[in-house]
Each structure stands twice: as structure tokens, then as C-alpha cells.
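Q: Top to bottom, those sequences are chains A and B. 68 is the number that the numbering used here gives to position 44 of the first sequence; each next residue is one higher, with no gaps. 47 is the number that the numbering used here gives to position 43 of the second sequence; each next residue is one higher, with no gaps.
If you're looking for bench data, these hints aren't it; they were derived computationally from the structure. Keep in mind it's a predicted model, so treat the numbers as computed, not measured. Among the hints, a few may not be true.
Claimed, not checked - If the Cβ cut is set under 8 Å, some of the chain A residues that face chain B in the computed set are: (1) E54; (2) G66; (3) L67; (4) Y88; (5) Q109; (6) S111; (7) F114; (8) P132.
Virtual Cβ for every residue (Gly too), placed ideally from N, Cα, C.
Here's the letter readout for the chains.
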Amino acid sequence: EAQVTQNPRYLITVTGKKLTVTCSQNMNHEYMSWYRQDPGLGLRQIYYSMNVEVTDKGDVPEGYKVSRKEKRNFPLILESPSPNQTSLYFCASSPDPRGGSYEQYFGPGTRLTVT
Amino acid sequence: GIQVEQSPPDLILQEGANSTLRCNFSDSVNNLQWFHQNPWGQLINLFYIPSGTKQNGRLSATTVATERYSLLYISSSQTTDSGVYFCAVERGGTGRRALTFGSGTRLQVQP
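When you get a sec, could you build the whole thing from the sequences and use the hints?
A: So this is what it looks like as C-alpha cells:
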């Protein structure tokens with residue numbers, strides 16, 4: 025089954041304790057990105073990647089890191105989480121848009137609470 | 005940036021009723037998607053519809069790109085249709101491919 029998976033789905037952690045949220049897709053997509061969803065602010069893009077070893081900032085990159093060492097994986101790293109990073113996080117992927125536009129596929133979400 | 009407006013913001017229906025949700029956007033787009041966010045927070049892809057009409061069971065969608073709007077139709081609504089429906093658009097021409105989401109329509113279907 026074609027899908028985007030995220031782990032963990034739920035996480036409660038404490039300020040300053042490094043964590044990684046994994047994202048994996050099995051559709052051979054070049055493009056991947058991360059969003060966070062907050063009440064009243066909607067979904068905002070954090071980082072995106074056009075292909076392996078190619079990443080760039082979205083709208084709200086502060087406090088996050090990403091890496092793209094393999095095509096299928098795009099982990100989101102919080103080096104020193106703070107309470108304002110409490111949010112619902114989504115990973116998305118899409119085929120390379122060369123020559124046209126393509127649907128974006130979203131993972132099931134990771135609900136993160138930082139105390 | 006592009007603006008996306010959804011209406012109505014809230015909708016309460018009795019089971020079996022039909023409804024139409026609207027999405028207006030302020031500029032030309034090369035991608036438009038409808039999502040359903042269920043009570044557990046999952047974003048479910050409903051339609052990829054930058055133009056034209058599509059149907060999937062009780063749901064259908066129409067996008068009139070030249071007039072910058074899209075409609076989502078839900079027929080014979082069920083309680084499982086409850087949740088928030090989002091329209092999201094992508095401008096194109098940029099590698100960032102960021103989707104701009106509307107603020108959503110919160111649908112409650114009562115038995």
C-alpha cells in the first residue's frame with residue numbers, strides 16, 4: 025500500500041531533550057516536506073526537500089533540523105525542544121513536479137507535547 | 005501570498021442531509037486538494053482537483069480554475085463525515101511547493 029508513515033504518533037517529552045520524528049514514504053517520491061498545525065495558525069511549512077541531500081527552509085524553520093540521506097526518509101529533528109514546539113506535525117511527499125503539478129500525500133500526523 | 009477562504013466556517017447537519025462547501029482562492033494555482041481532518045487529527049486526502057469535476061462515492065468536487073473557486077459536495081451525510089474539511093492550494097513555479105490551507109469548515113453530522 026502506497027503511504028507516508030510517521031513515528032511516533034504521540035510523544036510527550038520535556039524541554040531540552042533531543043528528539044527525532046521519523047517520516048518514510050514508499051512511493052519513490054523526490055519531494056518531501058514537514059508542516060506543523062496549531063490552533064488559529066493553521067498548517068505551516070517547516071522544511072522541505074526536493075531530493076536526496078537537497079533541503080531548504082519553509083515558513084517556520086527555527087528550532088528544527090532535517091536531513092535527507094535516503095530518498096524514502098525525511099526525519100525532523102528537534103535538538104532542544106521547547107514548549108512552543110508543542111504541535112501536531114505532518115510529513116508530506118509528492119512526485120517530482122517537472123512537467124506538471126502533482127498531488128501531495130500526507131502522513132497520519134505526530135502529536136508532540138513539550139512540557 | 006495567496007489567500008484561501010472557506011465557507012461556511014461551521015455546519016451542523018442531520019444524518020442523510022446534503023451539503024456544499026466552498027473554497028475561494030485569490031490567484032491562479034496548479035494544485036488544489038481537499039482534505040478531511042478526522043477527530044483523531046489525521047488528514048485524509050479526498051481529492052486532487054486543480055480543475056474539473058471528480059466523484060468518489062458520496063463525495064464529489066468541482067474546481068473552476070478560471071473563476072478561482074472549488075466546491076466539495078457531500079451527499080447523504082453520515083456521522084463519520086464529521087470533522088474539519090480543508091481546501092489547500094499550491095501556486096506552482098517554486099520548488100518549495102508549500103500548500104496554503106484555508107481555515108477549514110467544521111462539519112458536525114448528528115444522528
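Q: Quick check on A/P132 please, does its C-beta sit within 8 Å of some C-beta on chain B?
A: Where the cut-off is 8 Å and the nearest Cβ of chain B is about 5 Å from A/P132, the hint holds.
Q: Should the hint that A/F114 touches chain B count as held when the rule is a Cβ pair under 8 Å?
A: holds, 6 Å
Q: May I ask you to test the interface hint for A/S111 with respect to chain B, counting a Cβ-Cβ separation under 8 Å as satisfied?
A: Result: violated, 11 Å to nearest chain B Cβ.
Q: Holds or violated: A/L67 as interface residue toward chain B, Cβ cutoff 8 Å?
A: With Cβ-Cβ at 5 Å, under 8 Å, it holds.
Q: Would the hint on A/E54 stand, with a C-beta cut-off of 8 Å toward chain B?
A: violated, 10 Å
Q: Given a cut of 8 Å on the nearest C-beta pair, is the interface hint for A/G66 held or broken against chain B?
A: With a minimum Cβ separation of about 5 Å from chain B (threshold 8 Å), the hint on A/G66 holds.
Q: Does the interface hint hold: is A/Y88 within less than 8 Å of chain B, judged Cβ to Cβ?
A: Hint on A/Y88: violated, closest Cβ of chain B at ~15 Å, above 8 Å.
Q: Can A/Q109 be said to touch chain B, with a Cβ gap under 8 Å?
A: violated, 17 Å
In summary, the numbered hints that this structure violates are 1, 4, 5 and 6.
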